[in-house]
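*Asks:* Once you've looked at the hints, dock chains Z and X against the given chain E.
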Amino acid sequence: MSDAASPAQPARASALARIEGALPWIALGLVGLLLPLLGDSYIGVIAQRAYIYWILSAGLNLVVGYAGQIAIGWVAMLTIGAYTTAALTAGTATAPWHPYLALAAGGVVGALAGVVVGLPALRLRTFYFAMTTLGFATIVTQVALAWKDVTGGGVGTPGPVFPWPFEPGWGFYYFCFLLAAIATWMTANLAASRFGRALVAIRDAEVAAEASGIAKPKLLIAVFLFAGALGGVAGGLFASLQSYITPDAFTFEMSVLFFIAILIGGRGSILGPALGTIILTALPEFAAPLVQWSTFLYATLLLVIVLVIPGGIADLLDYKNRRPLKQHREIAPRPELLSRVLDTSSDRNVLSLSNIALHFGGVKAIDGLDLEIRSGQVHGLIGPNGSGKTTTLNVISGYYAPRTGQAQLNGTALPFDAPHARAAHRIARTFQTPRMIGGASVLDNVMIGGTTQGRGTFVESLLLLPRRHSDEAHLRDAAMLALQTVGLESLASVRADRLQHSELRFMEIARALMLRPAFLLLDEPAAGLSAEEIRRLGALIVAISRAGVGVLLVEHHADLIFDICDRVTVLNLGKVLAAGTPDEIRSHREVVNAYLGG
Amino acid sequence: MFASIVSYGLAVGAVYALIGITYNVMFSASRVFSFTAGMLGMLGGVLGALFIGKMGMPVIVGFVLVLACGAVLGLITEILTVRPVLKSIEQHLYVLSTLAFALMIQQLTAIEWSTEPQPFPRLIPIGPGWLDQQFWLPMLACAATILGLELLYRKTLIGRAFLAIAEDSYAARALGLPETRLRLASYALAGVIGALAGFTGAEMLLAFIGNQAILNFYGFVPVALGGMGSNRGAVVGGLALGLFQQAANYFFGGIFAAVAVFVVFIVVLLLRPEGLAGAASARRV
Amino acid sequence: MPTSAAEPLLEVRGLTAGYGKIGVLEGIDFRIDAGEIVALLGPNGAGKSTLLKAISGLLPRSGTIRFAGQDISRASPGDTVRAGLVHVVEGHRVFTQLNVIDNLMLAGYGLPRDRLSVQVEEALSFFPEIAEKRNDRAVTLSGGQQQMLAVAQGLVRRPRLLMLDEPSAGLSPVLVDRVLAAAARLRESGTAVLLVEQLIEKALKLADRVYALARGSIVLEARADEADLPNRLERAYFG
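As you go down the protein sequences, you meet chains E, Z and X in turn. Going by the working numbering, the first sequence opens with residue 877, and the numbers climb by one from there. Going by the working numbering, the second sequence opens with residue 216, and the numbers climb by one from there. Going by the working numbering, the third sequence opens with residue 150, and the numbers climb by one from there.
Don't read these hints as lab results, they were simulated from the structure. Ideal placement from N, C-alpha and C gives every residue a C-beta, glycine not left out. Among these hints, one or two may not hold up.
[What the hints assert, rightly or not] Over 12 Å on every C-beta distance to chain X, these chain E residues come out as not near it, computed from the model: (1) I1058; (2) R1331; (3) L1449.
[What the hints assert, rightly or not] Keeping only pairs whose Cα atoms sit at most 30 Å apart, straight-line, the calculated DSSO-like set for lysine-lysine is: (4) X:K282 x E:K1240; (5) E:K1451 x X:K354; (6) X:K351 x X:K282; (7) X:K351 x E:K1451; (8) X:K351 x E:K1240; (9) E:K1240 x E:K1451; (10) X:K282 x Z:K370; (11) E:K1092 x Z:K302.
Looking at chain E on its own, in the form it has when it is part of the complex (with noise of 0.2 Å):
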């Protein structure tokens, strides 16, 4: 990184607002550790329940905050943990478990729970999702009250009791405080990692997630069971608190309570959710005429934060992101660095599509389609509304299965429907509609175009193993640089939805870029832009293009059309009405009737 911006001085930055972030945490920390010496076992039992708390809601922080997965139901996670443990523990279904190992077993099965309730979020939408967790929960409390030889159905069943070193009293207490620290390190080191910005983008941008190569089906199946391991774990601890549990004790109620700590917290933060999860926990017991309405404040505070503060409590707290931008924003581009942000192997590959028909209901979206796209070239795509050109680059791009005809790259077939598998053959594309994600930074939203190449699995994100360190620093480092490439590096720690529209569509090609293209879909990237801002774009294309990479521009702007594109290709109702140069086009009489005409 020779000539990229001085490096030194964001490091230090960096490392100021590491600490800056840490004190919080070292101040809770530090309560945490000294509070036994109050000698008050009363708040004791109410920092226990808070810890327990924060187990279970710091993994569905990942699931609802990060994922934007709405389990409303998460509570049967702590029923199955605390059932699952306390009757290991008293031996009702099989001879008796040390606690310890029952505990184990708890968190175990309250990950395979979380699986199977996760599960429908990968073909559901939301409100079918948050339906099925809510089924799970009433459901799970009907097994618990019926199947009475082992959870001792209404009468309930007593809870473990933990031997040295975690005995009931202050033993427990730090038990439970060392279990919340561990989960709260894991999911802070998971948040901060691409999987983390990979759930992001999976919640405020799916299909730009997808184009970049993220698996939704993979990553989900492993925060859910992550996820329903710490609230089994939890469950265990609940049931050894509370030493005798019912399925009363397990009342949608707290549902709502560790939902609503995380929406107050605010999404994608986790010190916001775990000072929900304390304040929520705490102040019933503060306030004691409160009790009987704390469920009611919780549910009215939940609707005044989705209608007023949908970002929750951290968004109003984000004043960094308040200072105002410079005004006369200028975006200027670096051609001349693509050489280290693309492979400039003198690879030439060409991307076909034949025959390709696609209906949809009645209608015909593309009707026979040829094209062929190769590398080194700027090919263009213009035709009439409905004429089928974005329908062409979803096609490309995986998201539509037509129905006849193929994709073919370099004579090997693309497979049709699965849109996260292209990342693998370099294939990176653009929206029509800047697809991102509003609330992380400029450089976070570039460095989701990278997610693939990283090579630390997702526990080893979890346990900050070294090789999510050397991910972060080359994904770092990658997007700088493509951010440069396309001249926004001075707005790189800018929250994307502060940026003006123009800016969107460089920032969502310097993602592009991060894929090392092969070729590059742009479905009307200059839309909304300035004349002088349409001219650099069409100079940083020809540039990506002559490094090699095969480009599709598919473009209203008939100007830049004719100025960059090496071929141009014409479509009409689905079909190729004329194929050839620019100048071919440009005086193709048919052409300009049907494009140029109304």
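*Replies:* Showing chains Z and X alone in chain E's frame:
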């Protein structure tokens, strides 16, 4: 035994079907599934027991008052929890706003009424046995609702306006249809239907705040399986669910019944997310 | 308020509109007089549909819009429709589950019952082909018939200005002529038409005046019979 399974199953099924229709009526007007459906069902029972049982109102007065309360709650739902988040519907904030409102009402009921199941007064002294009103009232209510909705949709212009908004709200707005007022009317109508479900089912299910979550889930199952927006699907699905639940309960016990419903629900949705009767829609990028 | 002879039927000044952050239209000025047909042309993505939506209130906008002496700059779609300005949106979006008559009745929602049925028949008289299918559900109509139904919906309220967005899209040439002929008949009855059209020659033949829109601004205004118009249009598009 068979008669009791069938009559009880059909009666519970009719309540599920009505809650399913409640979901549908709100969904058609706004593309929003609202957690207030179960709340309306719960309140129909609680308010009925309050007005008629506790306060001793005449049955008919209490009944009309319950339906009126349902309508008002429907209006509040639309104004407070749906309209503000409708602009950014893709963020699905309505899931949270309607859930929050439903919980507020549930907690208010818990504090002001009771957290324990309370008996619902007998309205018409026929029975006991399979002729008992607790069985045929919900079925009657379900039949009347379906008939009423069919008349509304087929015979009146306002009913067709509901259908128009359900199919293409943008085109409806362009034609100058009063979309906001029609949506309000739909929510009021849904409120009435939900309260009717709770009122007629309450002798069987009791006046109990716990019914909210149960009705929310079991009322949604027929909607999900029958295809959203389809009232016929909701009725068939609701009755089938009621019968299945009762039969499974009797022959295999409660654990099996509960788990089986959940498993069927998940498996069907995973295989056909659009429901058994719904049509697949192309995904737009 | 009576309209004075000098005042245009529709007058738009400084209109700016877009979708969220994406600005599409910037400072649009134009006018339409009573009883004239105006064609709005321009390349794709120029903002023609956006302009119609901004006028009818389907999109948020800023600037002034006066129609028939009223200020409708902040009017909702319902208000503009009742004021006599009807927008037939692109893509023949009729209600497929309802029959033809019901589709038309809804277009006059709120009118007194007897007047409504008279005006529905009147609108149907423009299109004998769909009048025959009055009791069929719209889903059974062909694309061209659906487009006729959409235009007929626009006629039910006897508008003073009808805005048609690409009425010819996806239609065969014969059907295009029939739909456009309806616009010509409307002019005879004193209704103004704002026509967004892909088929430039047909539009020019029909229209009295032409505006061209490119890159979100009006780049050309001309009478439709002026010489050399196609070439001037092309130059205007390329800027």
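*Asks:* List in ascending order the numbers of the hints, as given earlier, that are violated by the structure.
*Replies:* 3
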